[in-house]
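Here's the letter readout for the chains.
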Amino acid sequence: MDFNDTPELASFRNEIREWLAANARTELPEGVKYGGEAIYAVAKEWYKKTAEAGYACLDWPKEYGGAGLTPLHKVVWAQEVANYAEPDSYFVIGIGNCGPAVTHFSDEKLKQRLLPRMASADDVWCQLFSEPSAGSDLAGLRTQAVQQDDGSWRINGQKIWTSGANHSDYGVVLCRTDTSVSKYKGLTMFILDMKQPGVTVKPIKQMDGNQHFNEVFFSDAEIPDAYRLGEVNQGWGAALLVLMNERMAITAVAPDGFDRFLEFVKSAEIAGQLLRDDPQVRDRLAHWYSQHAGVDASYMRMLTAVSKGGMPGAEGAVGKLIGGRMNQDIANFTLSLMGEAGAVHDAATAMEQAYFQDAALFSPGIRLAGGTDEIMRNIIAEQILGLPQEPRADKGVAFKDIPSGNG
Amino acid sequence: MNFDFSDDQKLIQSEARKLLNDKCPPELVRNIMEDEQQPYAEALWRQIGEMGWTATAIPEAYDGLGLGYLELCVIAEELGRAAAPVPFSSTVYLFAEAIKLYGSEAQKKNWLPRVASGELIGCLAAAEGFGNGEQEVEQDGAPPGLQANVSSGRLSGTKLGVADGDVANAAVVHAVGPEGEGLYLVDLAQSGVAREAVKSLDLARSYANLSFESAECELLGDAGTGKQMLADLRDRAAVLFAFEQVGGAEAALDMGVQYTNERFAFGRPVASFQAIKHKFADMFVSKELARSNAYYGAWALSSGAKELPLAAARARVSAIAAYDECSRENLQAHGGMGFTWEFDCHLHYRRAHLLALVIGSGYHWRQLLATRLLAAEI
Ligand SMILES: Cc1cc2nc3c(=O)[nH]c(=O)nc-3n(C[C@H](O)[C@H](O)[C@H](O)COP(=O)(O)OP(=O)(O)OC[C@H]3O[C@@H](n4cnc5c(N)ncnc54)[C@H](O)[C@@H]3O)c2cc1C
Numbered sequence: 443m444d445f446n447d448t449p450e451l452a453s454f455r456n457e458i459r460e461w462l463a464a465n466a467r468t469e470l471p472e473g474v475k476y477g478g479e480a481i482y483a484v485a486k487e488w489y490k491k492t493a494e495a496g497y498a499c500l501d502w503p504k505e506y507g508g509a510g511l512t513p514l515h516k517v518v519w520a521q522e523v524a525n526y527a528e529p530d531s532y533f534v535i536g537i538g539n540c541g542p543a544v545t546h547f548s549d550e551k552l553k554q555r556l557l558p559r560m561a562s563a564d565d566v567w568c569q570l571f572s573e574p575s576a577g578s579d580l581a582g583l584r585t586q587a588v589q590q591d592d593g594s595w596r597i598n599g600q601k602i603w604t605s606g607a608n609h610s611d612y613g614v615v616l617c618r619t620d621t622s623v624s625k626y627k628g629l630t631m632f633i634l635d636m637k638q639p640g641v642t643v644k645p646i647k648q649m650d651g652n653q654h655f656n657e658v659f660f661s662d663a664e665i666p667d668a669y670r671l672g673e674v675n676q677g678w679g680a681a682l683l684v685l686m687n688e689r690m691a692i693t694a695v696a697p698d699g700f701d702r703f704l705e706f707v708k709s710a711e712i713a714g715q716l717l718r719d720d721p722q723v724r725d726r727l728a729h730w731y732s733q734h735a736g737v738d739a740s741y742m743r744m745l746t747a748v749s750k751g752g753m754p755g756a757e758g759a760v761g762k763l764i765g766g767r768m769n770q771d772i773a774n775f776t777l778s779l780m781g782e783a784g785a786v787h788d789a790a791t792a793m794e795q796a797y798f799q800d801a802a803l804f805s806p807g808i809r810l811a812g813g814t815d816e817i818m819r820n821i822i823a824e825q826i827l828g829l830p831q832e833p834r835a836d837k838g839v840a841f842k843d844i845p846s847g848n849g
Numbered sequence: 000m001n002f003d004f005s006d007d008q009k010l011i012q013s014e015a016r017k018l019l020n021d022k023c024p025p026e027l028v029r030n031i032m033e034d035e036q037q038p039y040a041e042a043l044w045r046q047i048g049e050m051g052w053t054a055t056a057i058p059e060a061y062d063g064l065g066l067g068y069l070e071l072c073v074i075a076e077e078l079g080r081a082a083a084p085v086p087f088s089s090t091v092y093l094f095a096e097a098i099k100l101y102g103s104e105a106q107k108k109n110w111l112p113r114v115a116s117g118e119l120i121g122c123l124a125a126a127e128g129f130g131n132g133e134q135e136v137e138q139d140g141a142p143p144g145l146q147a148n149v150s151s152g153r154l155s156g157t158k159l160g161v162a163d164g165d166v167a168n169a170a171v172v173h174a175v176g177p178e179g180e181g182l183y184l185v186d187l188a189q190s191g192v193a194r195e196a197v198k199s200l201d202l203a204r205s206y207a208n209l210s211f212e213s214a215e216c217e218l219l220g221d222a223g224t225g226k227q228m229l230a231d232l233r234d235r236a237a238v239l240f241a242f243e244q245v246g247g248a249e250a251a252l253d254m255g256v257q258y259t260n261e262r263f264a265f266g267r268p269v270a271s272f273q274a275i276k277h278k279f280a281d282m283f284v285s286k287e288l289a290r291s292n293a294y295y296g297a298w299a300l301s302s303g304a305k306e307l308p309l310a311a312a313r314a315r316v317s318a319i320a321a322y323d324e325c326s327r328e329n330l331q332a333h334g335g336m337g338f339t340w341e342f343d344c345h346l347h348y349r350r351a352h353l354l355a356l357v358i359g360s361g362y363h364w365r366q367l368l369a370t371r372l373l374a375a376e377i
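So the protein lines, in turn, are chains P and A.
Numbering-wise (the working numbering), the first sequence opens with residue 443 and increments by one.
Numbering-wise (the working numbering), the second sequence opens with residue 0 and increments by one.
Worth double-checking, as some hints may not be accurate.
Below, a list of computed lysine-lysine pairs in the DSS-like style, where the Cα atoms sit at most 27 angstroms apart [as the list claims (entries may be wrong)]: (1) Lys708(P) - Lys107(A); (2) Lys226(A) - Lys750(P); (3) Lys278(A) - Lys837(P); (4) Lys17(A) - Lys750(P); (5) Lys516(P) - Lys278(A); (6) Lys226(A) - Lys278(A).
No lab work stands behind these hints, which were simulated from the structure alone.
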């Protein structure tokens, strides 16, 4: 049991502290907000800067645009960069999810061509999994890929909720390649070039007014066979690998809103009372801190297990489940402290430039994206505790014969 | 960075689990609950002494094993899992720690070998009434609540709800002396000490009220620093108690999973209902967070890190929440059976409540955690 930096990590920490102090901002430029549109350009610039300094994708091999370091270096980086406002995890979907898929399944030539540009965000990637009739029940997806005589693939169908598709150069897409077998068995995963005529992206306006996710339509979109990720009809296993990485990646960047709440409680005063002196605020602060810190420490335990040769398990679901809920609870609690004036969402009038009003409106999305709270609980119950699986009406049925509820 | 116990420590843990599985089944816990003549499991306590568990973190110079806190943590987890009815925490986490930390060489020589060998039971006598002491305002160096006092080397006063106070040979007592608050070592086998066993919420752990009338005592540590010593002592104990709580929480979760897998309703195992699965998932989450926080606390305790006060409070807050949730919801998942005397659910339910109060309640520790967090540079 040792929580201190090794000498190597300590010197890495010093090195990046210096670099961050010289290169990272403690506040975003005027008018740039998380969730807004302007942050995209800021994020691109930041990724470019870190890549040029050799700090992008720290645990990827150097020949793929990484730094050839360890996941622990990444932890140190995350701890240090948290002191700044830079959107350091903005492209986490591409780098955290699509990256490992490409690393795992593509050939050497493709990896060298695609990964360094992903690491520096020269290319932006998205994850094309969910569909109108397949979200929690992802394996029920319908987008079809059909192989042509020349070996390439044509895809037709529709994806939905694709984060960042409007900015993306590539995507990882999961398609149905056989409808005559049960739903898990007829799927194949591919890399897709988003900038081609067969792909149409339509932004969807979210409940918070932003437009971060999209519908994506495929009309005879083309995919060379070299872009296939894994074997034909083995896409479900490949998708699980991506989803596992997603939960690890999300846990690592833990969007639970705690740090912001702590900063607020440290200094804010409402109606002449310092929040830090209010026993109820302190009680909530302690509760959320114990959960926030518990997720952090669980992540360290997970990394320790992985460094000893273990696999990242379903434990990643813990952080996802706690973080989404905490974010929403913190926003709601903080607004309630503000009283009637908490309803004002105008950045010029509201406390903290309306951060908590924003959070109240974006936090529901965190509890859905990457697997809902309910699906996380199913995963923990079934995969960790070994409880019986949900009864399934589609077990052993060929995909084409599964009832869809749409007649 | 390595955030796990070593193979040797895990071996100690699995040995402890084996022994307790064998020697401390729920029937033993029940015997102690039901028999007023048996305040604790004597035979088990003797065995624990023979195994050297009480000697774990005592230096070799005082006949201990000279191992560290990490070894003690894994043993604590197993004692918690078994809800063991023994005065281990009072003796080891509180009494022996106080002497290790603040005792003079002579005091250490006198007391620690007897703890190590398992022949001595110790306790900590702090509380005198209800409340966690938040409202206490210091006046003349002593909180108004603290009545126990020492003059001319003699202790007088009353302590309420002292864990293992009825069976302990010696106590560390928080009292006001001529130079302010202090900790005092008291041999309980003397005429100036009267004790009255009282029923506790967890019938498997014994409690007593202690009265002192001009009892002989020795000052422990520096006069006037009792408040700080007590706080430090409780921080360290909080980490060790957290491991007991994590062990107990895990046992309760396992119990619920097993029962609902075997119990059928509506033609299927109760464990297959999603409301039950999700309940267990939430219990798992809460237990895992508590475990991770306890590990962090163990690291801080064993390495003497400056983060200890924050780490200890975080471990305690998390462990109280986890054991509460797991023991309560395990009982719920047992249906009517859970509410019977006969089923074991209430063993953990009672223990969870007890451990959530000993060394100060969850409410108190959350306030403490907030204070420390707001003062910390993180
Ligand atoms: C902000 C945001 C970003 C997203 N980004 C992406 C992206 O980049 N790429 C991508 O592929 N997808 C993305 N998604 C989609 C997301 O993964 C899905 O919304 C999610 O998996 C739920 O699917 P659904 O919307 O179809 O809801 P449904 O599956 O229809 O669920 C409806 C409700 O039923 C519950 N439910 C469903 N099945 C069960 C069950 N077995 N047990 C208990 N309850 C159940 C759900 O928990 C939910 O409450 C994003 C979503 C959001 C909100």
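Evaluated hints:
1. Lys708(P) - Lys107(A): 43 angstroms, violated
2. Lys226(A) - Lys750(P): Since the Cα atoms of Lys226(A) and Lys750(P) sit roughly 43 angstroms apart, the hinted pair is violated (cutoff 27 angstroms).
3. Lys278(A) - Lys837(P): Given that 27 angstroms is the threshold and the Cα spacing comes to 25 angstroms, the pair holds.
4. Lys17(A) - Lys750(P): Judged against 27 angstroms, a Cα distance of about 26 angstroms means the pair holds.
5. Lys516(P) - Lys278(A): Status violated; Cα separation ~34 angstroms.
6. Lys226(A) - Lys278(A): Violated, at roughly 41 angstroms.
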